[in-house]
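Peer 1: So you can see what is in the structure, the chains are spelled out below.
Number of protein chains: 2
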Amino acid sequence: MEIKIGISNRHVHLTKEHVAILFGEGYELTKKNELSQTGQYACNETVTIKTKKNEIARVRVLGPVRAYTQVEISKTDAFTLGLNPPVRESGDIKDSASITIIGPKGDITLEEGCIIATRHIHANPMDVKNLGLEGVDEVDVKIPGLKGGILHHVSVKVDPSYTLELHLDTDDGNAHLCTKDTKAIILGPSNEE
Amino acid sequence: MEIKIGISNRHVHLTKEHVAILFGEGYELTKKNELSQTGQYACNETVTIKTKKNEIARVRVLGPVRAYTQVEISKTDAFTLGLNPPVRESGDIKDSASITIIGPKGDITLEEGCIIATRHIHANPMDVKNLGLEGVDEVDVKIPGLKGGILHHVSVKVDPSYTLELHLDTDDGNAHLCTKDTKAIILGPSNEE
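Heads up: the sequence lines are chains R and F, in that order.
Every number in our numbering is 30 more than the matching position in the first sequence, counting from 1.
Every number in our numbering is 30 more than the matching position in the second sequence, counting from 1.
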């Protein structure tokens with residue numbers, strides 16, 4: 031029941047149209063390194079994210095381009111920026127927080143698009159079967175260690191392309207002192223409200 | 031079993047001698063506001079904490095002066111500063127991380143003194159009796175909410191002067207989306223290794 035943990039720092043997903051505005055017409059994102067989920071990669075490109083209160087520079091763009099533009103930050107980042115983004119699944123951006131993205135060639139202001147990502151596990155159908163989690167939407171997960179604990183409301187995202195991994199933001203990762211070697215333990219379906 | 035949560039941002043405790051070096055001979059710390067624990071207060075004075083890698087400005091000094099100088103930071107701050115401080119009870123600074131403190135009149139470099147504080151509950155003997163926690167060193171504590179969970183290894187600190195409160199650092203507070211109104215639930219003695 032031990033699974034690998036991936037810590038996601040703040041990052042941005044962009045549409046093709048927004049890449050053109052931020053980096054120039056016809057610009058193609060360039061791959062810095064592959065991520066654990068097949069086909070996903072960190073780009074060499076970074077942007078600045080900005081609000082009326084503050085800004086954070088060198089925010090990594092993840093590729094490939096998507097059907098929506100989304101900024102994923104931690105609650106710590108949210109305090110820095112003076113935002114109160116909702117906790118959401120990736121892609122569920124309706125009525126989420128407004129934010130400005132600044133690239134080398136232009137900027138865009140999103141009316142909505144900034145979220146704190148829900149804690150989630152990527153799993154393929156075989157993983158889900160092996161873990162006895164068929165039909166389970168949310169699980170509780172234990173993180174061992176001196177500042178360990180149990181995370182509630184960890185959503186299970188299933189797709190044949192997925193590699194089994196728990197994705198946490200930097201607040202969860204740092205609060206629990208996660209390193210690249212820390213393994214999480216899936217305890218079973220979440221019973222929390 | 032619900033108790034109040036206090037979130038501690040990074041802060042510094044100073045000896046009288048170090049106050050003299052940082053703020054000038056004979057300088058007395060001035061009170062900004064009282065903290066929840068009797069006699070403890072946030073000072074108007076702030077310092078910069080610095081390492082070879084980076085620095086963080088406007089770090090609050092807490093009063094009154096103590097018998098030891100100690101810098102308490104989060105793991106997120108530790109990454110910013112390029113440090114790897116141990117998780118320790120306040121006052122247990124032997125072989126903890128080295129850090130430089132810069133004040134308006136001088137600076138000091140501590141060979142040891144920088145820690146990540148253990149999650150802890152302040153309680154007086156009557157609280158401990160009411161909670162059925164006499165003789166218990168560590169408890170598990172539940173935080174409700176969308177990013178809620180259970181914190182393991184929460185130490186119980188008992189003193190007649192204490193006001194019942196759970197103290198968390200900003201990583202734990204932000205990871206669990208704690209606000210000033212969030213209440214924690216003591217589940218009982220911690221069974222974790």
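One or more hints might be untrue.
Listed below are the simulated DMTMM-like cross-link pairs for lysine to aspartate or glutamate, each with C-alpha atoms no more than 25 Å apart in a straight line [said to hold, decoys possible]:
no.	chain 1	residue 1	chain 2	residue 2
1	R	K210	F	E223
2	R	K172	F	E47
3	R	K83	R	E58
4	R	K172	F	D170
5	R	K210	R	E85
6	F	K213	R	E168
7	F	K172	R	E32
8	F	K172	F	E85
9	R	K159	R	E85
10	F	K34	F	D137
11	F	K172	R	E141
12	F	K187	F	E222
13	F	K210	R	E222
14	F	K213	F	E64
15	R	K80	F	E55
16	R	K172	R	D137
17	R	K210	R	E223
18	F	K172	R	D167
Some, not all, of what chain R presents toward chain F, calculated at C-beta under 8 Å [to be verified]:
no.	residue
19	K177
20	G179
21	K187
22	V188
23	P190
24	S191
25	T193
26	N204
27	L207
28	L217
29	P219
30	S220
31	E222
Residues from chain F that face chain R, not an exhaustive set, calculated with beta carbons under 8 Å [what the hints assert, rightly or not]:
no.	residue
32	G179
33	K187
34	S191
No wet-lab data here; the hints were simulated from the structure.
Ideal Cβ positions, reconstructed from N, Cα and C, are used throughout, including at glycine.
Peer 1: Does each hint hold? Answer for all of them.
Peer 2: Cross-check of the supplied hints:
1. R:K210 to F:E223: 21 Å, holds
2. R:K172 to F:E47: With Cα atoms ~44 Å apart, K172 of chain R and E47 of chain F exceed 25 Å; violated.
3. R:K83 to R:E58: 31 Å, violated
4. R:K172 to F:D170: 13 Å, holds
5. R:K210 to R:E85: With Cα atoms ~28 Å apart, K210 of chain R and E85 of chain R exceed 25 Å; violated.
6. F:K213 to R:E168: 23 Å, holds
7. F:K172 to R:E32: Holds, at roughly 22 Å.
8. F:K172 to F:E85: 34 Å, violated
9. R:K159 to R:E85: With a Cα-Cα distance of about 44 Å, the restraint between K159 of chain R and E85 of chain R is violated, given a limit of 25 Å.
10. F:K34 to F:D137: With a Cα-Cα distance of about 36 Å, the restraint between K34 of chain F and D137 of chain F is violated, given a limit of 25 Å.
11. F:K172 to R:E141: The given pair, whose Cα atoms are some 35 Å apart, is violated under the 25 Å limit.
12. F:K187 to F:E222: 18 Å, holds
13. F:K210 to R:E222: Between K210 of chain F and E222 of chain R the Cα gap is close to 22 Å, so the pair holds against 25 Å.
14. F:K213 to F:E64: 21 Å, holds
15. R:K80 to F:E55: Violated, at about 43 Å.
16. R:K172 to R:D137: 41 Å, violated
17. R:K210 to R:E223: Between K210 of chain R and E223 of chain R the Cα gap is close to 30 Å, so the pair fails against 25 Å, i.e. violated.
18. F:K172 to R:D167: It holds: about 21 Å lies between the C-alpha atoms, which stays within 25 Å.
19. K177: 6 Å, holds
20. G179: It holds, given that the least Cβ distance between G179 of chain R and chain F is near 5 Å, below 8 Å.
21. K187: 17 Å, violated
22. V188: Violated. Min distance 21 Å.
23. P190: 28 Å, violated
24. S191: 26 Å, violated
25. T193: 24 Å, violated
26. N204: Holds. Min distance 4 Å.
27. L207: Holds: closest Cβ of chain F sits about 6 Å from L207 of chain R, inside 8 Å.
28. L217: Where the cut-off is 8 Å and the nearest Cβ of chain F is about 10 Å from L217 of chain R, the hint is violated.
29. P219: With Cβ-Cβ at 15 Å, over 8 Å, it is violated.
30. S220: 10 Å, violated
31. E222: 7 Å, holds
32. G179: For G179 of chain F, the interface hint holds, since the closest Cβ of chain R sits about 5 Å away, which is under 8 Å.
33. K187: Nearest chain R Cβ about 17 Å off; hint violated.
34. S191: At about 26 Å, which exceeds the 8 Å cut-off, the nearest Cβ of chain R leaves the hint on S191 of chain F violated.
The structure fails to meet hints 2, 3, 5, 8, 9, 10, 11, 15, 16, 17, 21, 22, 23, 24, 25, 28, 29, 30, 33, 34 from the earlier list, while all remaining hints are met.
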